[in-house]
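K.L.:
In order, the protein sequences belong to chains H and Y.
For the first sequence, this note's numbering begins at 1 and goes up steadily by one.
For the second sequence, this note's numbering begins at 1 and goes up steadily by one.
What the hints contain is simulated information worked out from the structure, not anything from laboratory work.
Treat each hint with caution, since some may be false.
What the hints assert, rightly or not - Output of the computed footprint for chain Y on chain H, the stretches with three or more beta carbons under 8 Å from beta carbons of chain Y:
(1) 30–39
(2) 80–94
(3) 396–408
We put the CB at the ideal spot given by N, CA and C, even for glycine.
Protein chains: 2
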Amino acid sequence: MSEAGPQAGDRALTGAEAVVATLLGCGIDTCIANPGTSELHLVAAFDRIPGVRCILGLAEGVVTGAADGYGRMSDRPAVTLLHCGPGLANGLANLHNARRAATPVVNIVGDHTIRHLAHDPPLAADIESWARPVSAWYRSASDPATVGADVAEAVRAALEPPGRIATLVLPADVAWSGGATAGGPMQPPPPAPAEPETVAAAARVLRGGGRVALLLGGRALRAGALAEAHRVAAATGAEIWAAAHNARVERGRGRHPVSRLPYAVDEALAALAGLDHLVLVAAAAPVAFFQHPGKPSRLVSDHCAVHTLVRPGEAVEEALRALGDAVGARPVPPPDPSPPAAPGDGPLTPESVAALLAARLPEDAIVADEGVSFGRRLFNLTRDAARHDWLQLTGGAIGLGPPMAAGAALAAPGRRVVSLQADGAALYSLQALWTQARERLDVTTLIFANRSYAILRTELANVGAAAGPIANALVDLSRPAPDWVRLAEGFGVEAARADTLAGLDRLLARANGRPGPFLIEVVP
Amino acid sequence: MSEAGPQAGDRALTGAEAVVATLLGCGIDTCIANPGTSELHLVAAFDRIPGVRCILGLAEGVVTGAADGYGRMSDRPAVTLLHCGPGLANGLANLHNARRAATPVVNIVGDHTIRHLAHDPPLAADIESWARPVSAWYRSASDPATVGADVAEAVRAALEPPGRIATLVLPADVAWSGGATAGGPMQPPPPAPAEPETVAAAARVLRGGGRVALLLGGRALRAGALAEAHRVAAATGAEIWAAAHNARVERGRGRHPVSRLPYAVDEALAALAGLDHLVLVAAAAPVAFFQHPGKPSRLVSDHCAVHTLVRPGEAVEEALRALGDAVGARPVPPPDPSPPAAPGDGPLTPESVAALLAARLPEDAIVADEGVSFGRRLFNLTRDAARHDWLQLTGGAIGLGPPMAAGAALAAPGRRVVSLQADGAALYSLQALWTQARERLDVTTLIFANRSYAILRTELANVGAAAGPIANALVDLSRPAPDWVRLAEGFGVEAARADTLAGLDRLLARANGRPGPFLIEVVP
Numbered sequence: 001m002s003e004a005g006p007q008a009g010d011r012a013l014t015g016a017e018a019v020v021a022t023l024l025g026c027g028i029d030t031c032i033a034n035p036g037t038s039e040l041h042l043v044a045a046f047d048r049i050p051g052v053r054c055i056l057g058l059a060e061g062v063v064t065g066a067a068d069g070y071g072r073m074s075d076r077p078a079v080t081l082l083h084c085g086p087g088l089a090n091g092l093a094n095l096h097n098a099r100r101a102a103t104p105v106v107n108i109v110g111d112h113t114i115r116h117l118a119h120d121p122p123l124a125a126d127i128e129s130w131a132r133p134v135s136a137w138y139r140s141a142s143d144p145a146t147v148g149a150d151v152a153e154a155v156r157a158a159l160e161p162p163g164r165i166a167t168l169v170l171p172a173d174v175a176w177s178g179g180a181t182a183g184g185p186m187q188p189p190p191p192a193p194a195e196p197e198t199v200a201a202a203a204r205v206l207r208g209g210g211r212v213a214l215l216l217g218g219r220a221l222r223a224g225a226l227a228e229a230h231r232v233a234a235a236t237g238a239e240i241w242a243a244a245h246n247a248r249v250e251r252g253r254g255r256h257p258v259s260r261l262p263y264a265v266d267e268a269l270a271a272l273a274g275l276d277h278l279v280l281v282a283a284a285a286p287v288a289f290f291q292h293p294g295k296p297s298r299l300v301s302d303h304c305a306v307h308t309l310v311r312p313g314e315a316v317e318e319a320l321r322a323l324g325d326a327v328g329a330r331p332v333p334p335p336d337p338s339p340p341a342a343p344g345d346g347p348l349t350p351e352s353v354a355a356l357l358a359a360r361l362p363e364d365a366i367v368a369d370e371g372v373s374f375g376r377r378l379f380n381l382t383r384d385a386a387r388h389d390w391l392q393l394t395g396g397a398i399g400l401g402p403p404m405a406a407g408a409a410l411a412a413p414g415r416r417v418v419s420l421q422a423d424g425a426a427l428y429s430l431q432a433l434w435t436q437a438r439e440r441l442d443v444t445t446l447i448f449a450n451r452s453y454a455i456l457r458t459e460l461a462n463v464g465a466a467a468g469p470i471a472n473a474l475v476d477l478s479r480p481a482p483d484w485v486r487l488a489e490g491f492g493v494e495a496a497r498a499d500t501l502a503g504l505d506r507l508l509a510r511a512n513g514r515p516g517p518f519l520i521e522v523v524p
Numbered sequence: 001m002s003e004a005g006p007q008a009g010d011r012a013l014t015g016a017e018a019v020v021a022t023l024l025g026c027g028i029d030t031c032i033a034n035p036g037t038s039e040l041h042l043v044a045a046f047d048r049i050p051g052v053r054c055i056l057g058l059a060e061g062v063v064t065g066a067a068d069g070y071g072r073m074s075d076r077p078a079v080t081l082l083h084c085g086p087g088l089a090n091g092l093a094n095l096h097n098a099r100r101a102a103t104p105v106v107n108i109v110g111d112h113t114i115r116h117l118a119h120d121p122p123l124a125a126d127i128e129s130w131a132r133p134v135s136a137w138y139r140s141a142s143d144p145a146t147v148g149a150d151v152a153e154a155v156r157a158a159l160e161p162p163g164r165i166a167t168l169v170l171p172a173d174v175a176w177s178g179g180a181t182a183g184g185p186m187q188p189p190p191p192a193p194a195e196p197e198t199v200a201a202a203a204r205v206l207r208g209g210g211r212v213a214l215l216l217g218g219r220a221l222r223a224g225a226l227a228e229a230h231r232v233a234a235a236t237g238a239e240i241w242a243a244a245h246n247a248r249v250e251r252g253r254g255r256h257p258v259s260r261l262p263y264a265v266d267e268a269l270a271a272l273a274g275l276d277h278l279v280l281v282a283a284a285a286p287v288a289f290f291q292h293p294g295k296p297s298r299l300v301s302d303h304c305a306v307h308t309l310v311r312p313g314e315a316v317e318e319a320l321r322a323l324g325d326a327v328g329a330r331p332v333p334p335p336d337p338s339p340p341a342a343p344g345d346g347p348l349t350p351e352s353v354a355a356l357l358a359a360r361l362p363e364d365a366i367v368a369d370e371g372v373s374f375g376r377r378l379f380n381l382t383r384d385a386a387r388h389d390w391l392q393l394t395g396g397a398i399g400l401g402p403p404m405a406a407g408a409a410l411a412a413p414g415r416r417v418v419s420l421q422a423d424g425a426a427l428y429s430l431q432a433l434w435t436q437a438r439e440r441l442d443v444t445t446l447i448f449a450n451r452s453y454a455i456l457r458t459e460l461a462n463v464g465a466a467a468g469p470i471a472n473a474l475v476d477l478s479r480p481a482p483d484w485v486r487l488a489e490g491f492g493v494e495a496a497r498a499d500t501l502a503g504l505d506r507l508l509a510r511a512n513g514r515p516g517p518f519l520i521e522v523v524p
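Whole structure, please, built from the sequences with the hints as guidance.
P.N.:
Laid out in structure tokens, this is it:
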């Protein structure tokens, strides 16, 4: 390797070195890893070719969930390093969430040597069957000579708008053999412009009368696009909704607000009732999270016409701007609310916690929201908090929150991450607390400790199922109640319990006023 | 439903009720569950048709790992209840282990209604792609009228020798709709007898001279088969080895002992060097766990002829008995060693811990072994302990131990489970401690807290990779060191730390002398 470091065309590299050199050449500087034996040459290559920060996760769900949080905040892929088929399998649920969030992620899955697989050793598994459902791009590297190009293609594929998952299998012998060369970075295609005809059609809808709403998803929830949407709305009287589950919403004071469609089917139906037209802006047509007996899947009435202005992956802000131009709209400034006052003491309810958060959220915070039942109303009730980003669970696979918070903190040093976390969901991936401690990440976690799968209590009624002793036991987390202070401390995260609003306020000040992670068990 | 409970042919049932009634009719009385909304009708049906014990796991890896432990000890399937594709995905790694162990497991994966899937709601995923690699039998139920038969077939498939994984997807509307009927139990085929020619051929090998070894796996490691293998060995001078990774070995005083093939490639090669013949008895030809540069995959030399007496799923004990008859062997009693004396105080090493365990293992204990580096030598060194069963990690997907211990305890009430657990592996599935506490399972966990992925330190040298700061950090678990006492207490399990052999002895007595779980952090 030359003193200037490995270059494309330099065949003196091992496959593992070519992987690292290519990642660096593509601008990827973060690897979130849970390696095993078959990945050790790649691990060693990270030492030989410095520049990639390697973060250890104690389980693969932590790794992939952190990659999701990282990608959402940086709009760049982190690379994950996973150990064979079972390592990938453990990370699939959070990759499912990342796929639904359109987060760019590059997975590198180490595997046995190609010859060794023929002997069906214990860890051998059908990696491709497991990877394909979450991966827009999949390849198994077969040759050190081409593995650099494989990596460059994986990165390009992950960056294809709006953001996708690329999975590259790296057999151990491809990693350890020589004759490899770094791949040159490949340019992903830019977001395609929306069709002029779809913009014109949307403009006709907006000028045509009746009740019209814009439904925003994906990149339509970034500040610039939201300003354009509000410009359209002000000129036409259209309503604006955000989809129910969004990867990232830029919001807070100084930005244009947007409310989420409700999760509950009846509330969502009511919100959309009476609409004549719904215009999709990088969003899918709204659908119930679950179908309940006797209730519809589609949340818009048959009377409502659904139009698409721009699809995910197309140039969203530009399409909204063109639409604003087409309807002759003028810019509108964001509202200018007063900073909310902190509430006094009182019991811990979703409303009181929301009021406290609205007052106390640090400027430029990142909210990682897996609040589920207790947390559901927090989004709409914190509209006037200081400027922040809000990340939600997009794929419904619970256990994303603690890893996503860690990944967001890795991507945005200097910004406080506030992790709003249902207790049942946190129990899937609490191991992420250790990564938060190890990397001294600025994460304040609020565990909403209602000590049950509270959402399922509600859903039992929604689906018309009677709750007997077995059902009640299967949604109960109180026997025994997990002690979140001990669990956090066990992973090296300082922690305390709040059972009043004043207590929570004091702990929030303590947590947000110091570097590193802190966990607050919120006991309503 | 009649007072006698639902019967086959009674179409007054919902699909969910038919599932439960069929399970009961098939003799399945344990369901290990992590349900969500789409499974709530089935949850409610467990209340309406009592008889199945439902056990909650906080994450799906706990559920499937516990099903593996349960199936190994009962030779009957537990049913798992998993929530949609992501719920299955979280359980795949331990299903991979269960597949390698030939453990019977029936997975029921709840899913959206069939019509709702067409709208691609957030949780929708390609369940089939994820399930197939671990499932010998897979079906998605499509009709309440046939779901009872589906369940009966799944149970039969799981019980097909030597034991397999069956996965049934249960859409919510199939569960909640009426017109269903319970399926009648279906008889799995009995184990096929070994071919007389293979027995005769093995007898010729054993009488033919040269160095011969029997390699035992699967059901060949139950006490009856081991006695037959020793009978053959005594008559012919053959050696006996157990495979490196086994689902269940019946061993201890009063039984015929067997040593495991070493995990380390060089040690395994040395153990098998000079063999002229290897006879496989429900075992696969030995293969390295990982291929290392310049080392072979196959662990027998090219000189050694490999023969198969009996395949997994065939009648193993009978084949060994026939072989013994063919070589004119007479029964040999098991050895009669003295109970090992407990060692005095001293530092905690694999050897000293093994000596203590050999002396202190309770009669009829079940050892759940995920000891990895620290624990590797414990098996061979505890040969003369009181009678017990020893369960190992079969598929190499770490994170099995704590759930497997819980499942074994569920299957074998009254027997103490001793969970020998590497710390790095335990961190994948420590949530199982909560299930141990909730169900008051008699599990004594020893966490070998070397605070590193120690196996990877060794493997770095084995694969010839130099360890720099990044590699050292990625195998390090000491910054911060997980505090296992707090983690266990956080999940409701009493715990303490041992840093001397005498301290461990005292804590073992305390743990094994009381009902319920106890965790000992063993700090070498």
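K.L.:
Among all the numbered hints in the text so far, which are the ones the structure does not match?
P.N.:
Those not satisfied: there are none.
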